[in-house]
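Engineer: Given chain R, work out where chain W should sit, using these hints.
Listed below, chain by chain, are the residues.
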Amino acid sequence: MSQKAFKILAYTPLIYTLIAFYTPLLLMLVESVSGKRGAAVYTDVLTNINYLKVVSYSGYIALLTTFITFLIALPIAYYLAFIASERLKLNLLIAFNVPLLVNLLLRTYALLNILMMLNIAGTFQGLMIGMIYQYFPLMLLPIYSSFERINHALIEAAETLGARPKEQFLKVILPLGLPGIVSGATLVSLTAFTDFVTPAMLGGIHGYTLGYLIWDLFLKYRNWETGSALAFIITLVAVAVSTIYTKWGVKIEA
Amino acid sequence: MKLKPLLACFTALVLAFMYAPLAVLIAQSFNTSKYIGVWKGFTLEWYFRLTGDYEVLEATFNGLAVATLSALISTLLGGIAGYYFSRYSRSGVADSLLYVPIVIPEIVEAVSLLMLYVALNVELGFWTVLIGHIAYNISYSYLAIKPQFEMTPHSLEEAAINLGATPIEAFLKVLLPLATPGIISSVLITFSMSFDDFVKTLFTTGPGFKTLPLVIWIRAARARATPELNALASIMVAISLLSSYIYTRYLLEAKKEK
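Chains as they are written, first to last, in this note's numbering: chain R, 1 to 254; chain W, 1 to 258.
Worth flagging that the hints you see were computed from the coordinates, not collected in a lab. Please note that the accuracy of each hint is not assured.
[Unchecked claim] Here are the in silico distance ranges between beta carbons for each label pair:
1) W:PHE17 with R:LEU46: 32 to 40 Å
2) W:GLU55 with R:LEU176: 49 to 57 Å
3) R:LEU46 with W:SER155: 51 to 59 Å
[Unchecked claim] Capping the alpha-carbon separation at 30 Å, the derived lysine-lysine pairs in DSS-like fashion look like this:
4) R:LYS220 with R:LYS53
5) W:LYS4 with R:LYS89
6) R:LYS89 with W:LYS173
7) R:LYS36 with R:LYS220
8) R:LYS89 with R:LYS36
9) R:LYS171 with W:LYS4
10) R:LYS4 with W:LYS173
11) R:LYS7 with W:LYS173
12) R:LYS166 with W:LYS4
13) R:LYS171 with R:LYS89
14) W:LYS2 with R:LYS166
15) W:LYS2 with R:LYS171
16) R:LYS36 with R:LYS53
Virtual Cβ for every residue (Gly too), placed ideally from N, Cα, C.
So here's chain W without its partners, still in its complex pose:
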């Protein structure tokens, strides 16, 4: 028995298993037939129908708004905290406080947040969803950015200041560029977690505010043959595949350079 080809085959097989559902989904979105596995012919009809689907368009816009805001706010606040606690203060307490949100099951976070909103009697919708997303994302930003500042030796800032830079210039021109990989990771991770979030959004939203995962859930849970959903899903899969390909490529290449 030869081990190498066997392992190579197994790896290829598992990889095929990972991609098969996505491939079928995309093929199905161009299928004239509504039934999966029955190929009747090529059509773009489902994509055209999608462009007139007001619910989907609105949900996309809602999701983009929440994800953009929560990514920027979390990265800014988490980044400042990461800088402060890596330089000026002991970070034990901050580290533990911000670590717990990451390990708690999302459903627990979702129901407890709902209870807070109900206790305060606030109207559920855009703001309650955004506040919930930030609560979780800040921790990720902090954890992504702080190590970058920690890795930069103090001597670099001191050198800049000795050469005549003000502390703010030293920060903007020396520290910040060196922390860029962490900041980019933070923005991308928090944006995609926010845009893809389902459980917390579901529990903290009101009747008038839906994001795409909620629309997918509502339609798929009815278990009807919904070809428009295939088209929508294919577009989202294509975007995710492309952007995550670029992102992982960037990460791995960056790692290689070290």
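Pulled out of the complex, with its shape left as it was, chain R reads as follows:
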């Protein structure tokens, strides 16, 4: 293969991404300001009380999910990183990983069965159980991996110098695990914020979130102008948040 052909091949993914990913985004931006209102559509979207309600409701669900999954993941990450034996750790890691790889719709459908059994399908409570179920592993893995990297000598040093277990945890382990916590929180809050499937399938009347709104604007009301503006705002938020994430968080290895 000649050097030139190789170079062209190597650049193909970039060109492909420019055409099939960046061009649509640009088109969306153009579409959003091409109506009669022009750029005023953005102020309309940002001041529309109904949209703001949906956005803040989605934000509330996302933050609540982040907070609860954090509370659940923290002790388990601690157990995995500092207490469990090597063999148990390996098996538990696999066990927590595996359900994450089952198709999202199937997991949600399976949950729907359980929630119907418990008679809480379509309630806010049921929705939150679903959100926690979906997002808990995304919180656990980054926290665990940053706990795992902590040098045990540091903890022993704290102990030798008289720190009680509670102090060791709060003053040594938690600060050193912060990058993982930030990663997990970013990952969960961002994906939960724009999730569509879980709220739509499990939430009933409580499931009208941002993802649903965009879906409706595009497929039901055919209001592409407003839909595009809203989608573009979310894009900016996502890029901003993930920039913080790469700056402060740790990267999870595949």
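Structural biologist: Just chain W now, with coordinates in the frame of chain R:
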């Protein structure tokens, strides 16, 4: 209060919470009764019905076709780019261009792609779905494979060439085998993301082309008791569990060996 047993109990409890829905689903697929939680007897009827369900069979085939093609194309292109930008060129621009698709919410990607297709007035179906899947998967392949090439020191190729290998032989016999873990990850990740994709497929497909997640969505959204769906879901869960078990096992063991 003893901390260790408490934590062990809590971990076990959460694990049970993770697996309970899957267990109920599988049990339900063998239940004679259509109603969840009411056990009437063992049956394989729902599985037999499934084999005659033309919509499901077609959707399975569609999904396999899209996932296989998108996994192979993305891995090939992403892999070549990963090799090129780890060896011959500065990769800053390529890295950032290919990083953005991963952090953008899928629904944004889906609606914007739909707008492009509508603007170009193309017929929605197999090709539009495939093009959309590749657009996303290329980034994953690139990110999975490039670090593997980066980790391999240049001296290995030079040694091979000094010992008489042509550059192509050096690539095929030295570099490629060392990059295999990344390539395998790339194929598996892109295949499963493509096969499981729902949001983007939904927005970029036409009336004649459905994949399994779409069929599950349509049937579950009607919220009818659909025992065949339980059977279908159980088969898919079993396959996912088995393959992801093997995959995570392989990943973790590989990590242990390092």
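Engineer: Now, for every hint given, state plainly whether the structure supports it.
Structural biologist: Cross-check of the supplied hints:
{"no.": "1", "hint": "W:PHE17 with R:LEU46: 32 to 40 Å", "result": "holds (39 Å)"}
{"no.": "2", "hint": "W:GLU55 with R:LEU176: 49 to 57 Å", "result": "holds (53 Å)"}
{"no.": "3", "hint": "R:LEU46 with W:SER155: 51 to 59 Å", "result": "holds (56 Å)"}
{"no.": "4", "hint": "R:LYS220 with R:LYS53", "result": "holds (19 Å)"}
{"no.": "5", "hint": "W:LYS4 with R:LYS89", "result": "holds (14 Å)"}
{"no.": "6", "hint": "R:LYS89 with W:LYS173", "result": "violated (36 Å)"}
{"no.": "7", "hint": "R:LYS36 with R:LYS220", "result": "holds (21 Å)"}
{"no.": "8", "hint": "R:LYS89 with R:LYS36", "result": "violated (60 Å)"}
{"no.": "9", "hint": "R:LYS171 with W:LYS4", "result": "holds (20 Å)"}
{"no.": "10", "hint": "R:LYS4 with W:LYS173", "result": "holds (22 Å)"}
{"no.": "11", "hint": "R:LYS7 with W:LYS173", "result": "holds (21 Å)"}
{"no.": "12", "hint": "R:LYS166 with W:LYS4", "result": "holds (14 Å)"}
{"no.": "13", "hint": "R:LYS171 with R:LYS89", "result": "holds (24 Å)"}
{"no.": "14", "hint": "W:LYS2 with R:LYS166", "result": "holds (13 Å)"}
{"no.": "15", "hint": "W:LYS2 with R:LYS171", "result": "holds (21 Å)"}
{"no.": "16", "hint": "R:LYS36 with R:LYS53", "result": "holds (25 Å)"}
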